[in-house]
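K.L.:
Listed below are the residues making up each chain.
Protein chains: 2
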Amino acid sequence: ISSINIIVESSDMKLYHNVPEDYKLVILEDSDIVSLKASTVFGILRGLETLGQLLEFGWMDTSSSPMPINTGDGASGGIFCIRDIPLFISDAPSYPYRGLMIDTARHYLPLNLILDNLDVMEMNKMNVLHWHISDSQSFPYATSSFPELATKGAYHPKRIYTVKDVQTVIRAAYLRGIRVIPEIDLPGHTNAIAKSHPEVMSHCPNPSEPINPTVPETYNFVETIYKDLNDVFPDDYIHVGGDEVELSEKCWLNDTSIVEWMKLHNMNKTVELYEYFETRLLKIVANMHKIPIVWQEVFNLNLTIPPNTIIDVWKGFDTYTIQNATNKNFQVILSGCWYLDHLDCSWQKFYECDPRNFTGNTDLMIGGHASMWGEHVDSSNFISRVWPRASAAAERLWLGGNTNTTTSPAAKSIADRIHQFRCRMVLQGFAAGP
Amino acid sequence: ISSINIIVESSDMKLYHNVPEDYKLVILEDSDIVSLKASTVFGILRGLETLGQLLEFGWMDTSSSPMPINTGDGASGGIFCIRDIPLFISDAPSYPYRGLMIDTARHYLPLNLILDNLDVMEMNKMNVLHWHISDSQSFPYATSSFPELATKGAYHPKRIYTVKDVQTVIRAAYLRGIRVIPEIDLPGHTNAIAKSHPEVMSHCPNPSEPINPTVPETYNFVETIYKDLNDVFPDDYIHVGGDEVELSEKCWLNDTSIVEWMKLHNMNKTVELYEYFETRLLKIVANMHKIPIVWQEVFNLNLTIPPNTIIDVWKGFDTYTIQNATNKNFQVILSGCWYLDHLDCSWQKFYECDPRNFTGNTDLMIGGHASMWGEHVDSSNFISRVWPRASAAAERLWLGGNTNTTTSPAAKSIADRIHQFRCRMVLQGFAAGP
Chain P
132 ISSINIIVES
142 SDMKLYHNVP
152 EDYKLVILED
162 SDIVSLKAST
172 VFGILRGLET
182 LGQLLEFGWM
192 DTSSSPMPIN
202 TGDGASGGIF
212 CIRDIPLFIS
222 DAPSYPYRGL
232 MIDTARHYLP
242 LNLILDNLDV
252 MEMNKMNVLH
262 WHISDSQSFP
272 YATSSFPELA
282 TKGAYHPKRI
292 YTVKDVQTVI
302 RAAYLRGIRV
312 IPEIDLPGHT
322 NAIAKSHPEV
332 MSHCPNPSEP
342 INPTVPETYN
352 FVETIYKDLN
362 DVFPDDYIHV
372 GGDEVELSEK
382 CWLNDTSIVE
392 WMKLHNMNKT
402 VELYEYFETR
412 LLKIVANMHK
422 IPIVWQEVFN
432 LNLTIPPNTI
442 IDVWKGFDTY
452 TIQNATNKNF
462 QVILSGCWYL
472 DHLDCSWQKF
482 YECDPRNFTG
492 NTDLMIGGHA
502 SMWGEHVDSS
512 NFISRVWPRA
522 SAAAERLWLG
532 GNTNTTTSPA
542 AKSIADRIHQ
552 FRCRMVLQGF
562 AAGP
Chain U
132 ISSINIIVES
142 SDMKLYHNVP
152 EDYKLVILED
162 SDIVSLKAST
172 VFGILRGLET
182 LGQLLEFGWM
192 DTSSSPMPIN
202 TGDGASGGIF
212 CIRDIPLFIS
222 DAPSYPYRGL
232 MIDTARHYLP
242 LNLILDNLDV
252 MEMNKMNVLH
262 WHISDSQSFP
272 YATSSFPELA
282 TKGAYHPKRI
292 YTVKDVQTVI
302 RAAYLRGIRV
312 IPEIDLPGHT
322 NAIAKSHPEV
332 MSHCPNPSEP
342 INPTVPETYN
352 FVETIYKDLN
362 DVFPDDYIHV
372 GGDEVELSEK
382 CWLNDTSIVE
392 WMKLHNMNKT
402 VELYEYFETR
412 LLKIVANMHK
422 IPIVWQEVFN
432 LNLTIPPNTI
442 IDVWKGFDTY
452 TIQNATNKNF
462 QVILSGCWYL
472 DHLDCSWQKF
482 YECDPRNFTG
492 NTDLMIGGHA
502 SMWGEHVDSS
512 NFISRVWPRA
522 SAAAERLWLG
532 GNTNTTTSPA
542 AKSIADRIHQ
552 FRCRMVLQGF
562 AAGP
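So the protein sequences, as listed, match chains P and U. Quick note, the first sequence lines up with residues 132 to 565 if you use this note's numbering. Quick note, the second sequence lines up with residues 132 to 565 if you use this note's numbering.
If you are wondering where the hints come from, they were derived from the structure by calculation, not from laboratory data. Incorrect hints may have been included.
The list cannot tell twin chains apart, which means a pair is met if one copy fits it or any two copies do.
The calculated lysine to aspartate or glutamate pairs, modelled on DMTMM-like cross-linking and capped at a C-alpha distance of 25 Å, are [to be verified]: (1) Lys446 - Asp475; (2) Lys480 - Asp509; (3) Lys543 - Glu506; (4) Lys145 - Asp359; (5) Lys295 - Glu279; (6) Lys289 - Asp247; (7) Lys289 - Asp547; (8) Lys480 - Glu506.
All chains should be modelled from the sequences, with the hints used to inform the complete structure.
P.N.:
This is the structure in structure tokens:
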């Protein structure tokens, strides 16, 4: 190969949901020019990754070749070769949303690790980094309006992400065709906010989660933080959280001012308060012209939500919720199949999950993400725990369809390919696990 | 502290089973001399580790101290301090055998990783490295008589341990008070031997495991390899394997020459053949004046074994076997509580296991080992998978006894201490997992 002939059909460089990632790669026997054609630059990235995977390094059999090739780096006779040419590859993803969720609240993940991980995501043709920034344990992001959220709410004042850090991640992700979708989980999973903004917390009896939906301070806070997010994260989508909100008597009903407010507003149940909060939050999001993604409880509890809300189904492969949501015409992403913290789930199990395997309009299933919840992960083991298990989810989301190992050629060869791909990741310097 | 006053009572530097590791550490309020006294140098090592753990790094509160201490490395005011002095520590291990098993056959572990891991074992006051060298998948050790075992049986001719490598490990282990006990698993788990020594394998129909107990080549082979082990490994103990031997019709009864031989020797069952093999193997071991350790099947199947054989109970906390074995006066080590490849077993579960919690002579329970079987571990994740979970086993074996979190102060504080200890390992450069 002497050169690669690259043709990009569109000069639009914007990265967005559903951006075309298709590509055509042609390698002929009698030509030393590889041809790569794609609708967008992002398709070119995917095609180049495929080309890289096709290259195999080996040594010439010098007994049959009178002139061993000297690569110039001392490895005499080492060559790269591509098997099975001519190759005519026409490829495109099955799902437009192929993500990995990282959690920087349970353990802080160093910036360099997040950047390294973007390289691995690109190798896996993933296109969404879902960044679960904050949680009960810590709030490591110093937003421009509220740096104290991090200086007081992070594990350590040095274990924070500045706006510049976040912009570095977004830029690096963009260059790899990866969108960054932030999540500041609200109203639950928020104890770390209490350290700097106790005024937005419920008093049950101490300032604690879920945050207090009845005081104006809360909405000033939410509006400001969402404005900060909007300023920094260019993506059209935003994950608004909303999972595991404590609705029992443990919190809101323990705060007399909240109980008073509920009476005044004729609310009998905490779920109404939850709905009130989500409604106001989703209005803020709508005013920013962002498309909200919610954890499935927001849908399961039947809250009124805008029709463009995307439901993130995380409670396993919950076909009941998927069917209900798609029946009501909501778009759905699936994450429940790919919980990387479930150590008993092998990549085989990940691979078997077919998100479209439900009764209903499968067009509304737009993809999904593997989730690396951070309770037991930090820089010591993040890469080896995520990869190559998440690779199985990535291939499922790229290829779609048939997981049957007797009828699908891809499924038949997945064990060998995962093995080789793991080696490829290790050779590129990323310690994917065995 | 200006100096440490070290007193060693015995000048004997030999490391052996039951070597005294007790120590006394005294730190007074009005003296800048720490006093450390032990029966042997190995007790001194344990005491120094404790002293290191007592040191906390922090910064002087300069407002109350007019003269901040300059450490000379730019960290102005940084100091090490020890809490709660005066301290009078008198410590000794509860079990003499506190091990970690590594498996270099399922994945090759680089020499440097094994050496690093010895440092971590020392931090954990472990004193036995049980080295499961070979298995069905590979044979990475080039013994002096049979280097071809590795050159043909390793994953790659470069992924082998030379005699010098092994001596490096033994020497480094000795300097940390750690004995190295090798295991060449026989007669099962031996397919990798077929690549270089098919003459010792059964033909069922291809040369494969278990090895053939009926031909003289087998005993020449075993004798030579044990002589090689004896030359290199100085420890009095040797692990002879013996687990999971295929006794069904799948192998030995499929080899007509073996069936003929059994008839000739009036053997009806393959277990008799298994016993015949173990008897000859254990005789070789006895002639070398080594004490054999066997996996529990050798005992469970009621084979005749020398009374000094140690039973390694690996099938969970199998009190039935432990009771039977100790009733017959065999010494026992327990490994079934601490399977590091069982990812659903947290360190909490490891910590709860009390090896002496059975009916019988608990003096015969001499310790145990955590086991890191290698199917899913290599240098990418070994340290973070083993530690700090194995630390829980290490403390249990050092402290012994009471695992009750309400009555045992150690059990009460274990969560905090594991957390701190994990940080200590990370700070020393070993990526223990969170």
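K.L.:
With reference to the structure, classify each hint as holding or not holding.
P.N.:
Right, here's what the structure says about each hint:
1. Lys446 - Asp475: So lysine 446 and aspartate 475 pass the 25 Å test inside a copy (16 Å) and across (19 Å) alike.
2. Lys480 - Asp509: both (24 Å within a copy, 22 Å between copies)
3. Lys543 - Glu506: Answer is between; shortest inter-copy Cα gap is 21 Å, intra-copy 34 Å.
4. Lys145 - Asp359: within (21 Å within a copy, 66 Å between copies)
5. Lys295 - Glu279: Within one copy only: 16 Å inside, 57 Å across.
6. Lys289 - Asp247: within (20 Å within a copy, 29 Å between copies)
7. Lys289 - Asp547: Between copies, since 22 Å is at most 25 Å while 43 Å is not.
8. Lys480 - Glu506: Result: close both inside a copy and across copies, 22 Å intra and 17 Å inter.
In this structure, every one of the numbered hints holds.
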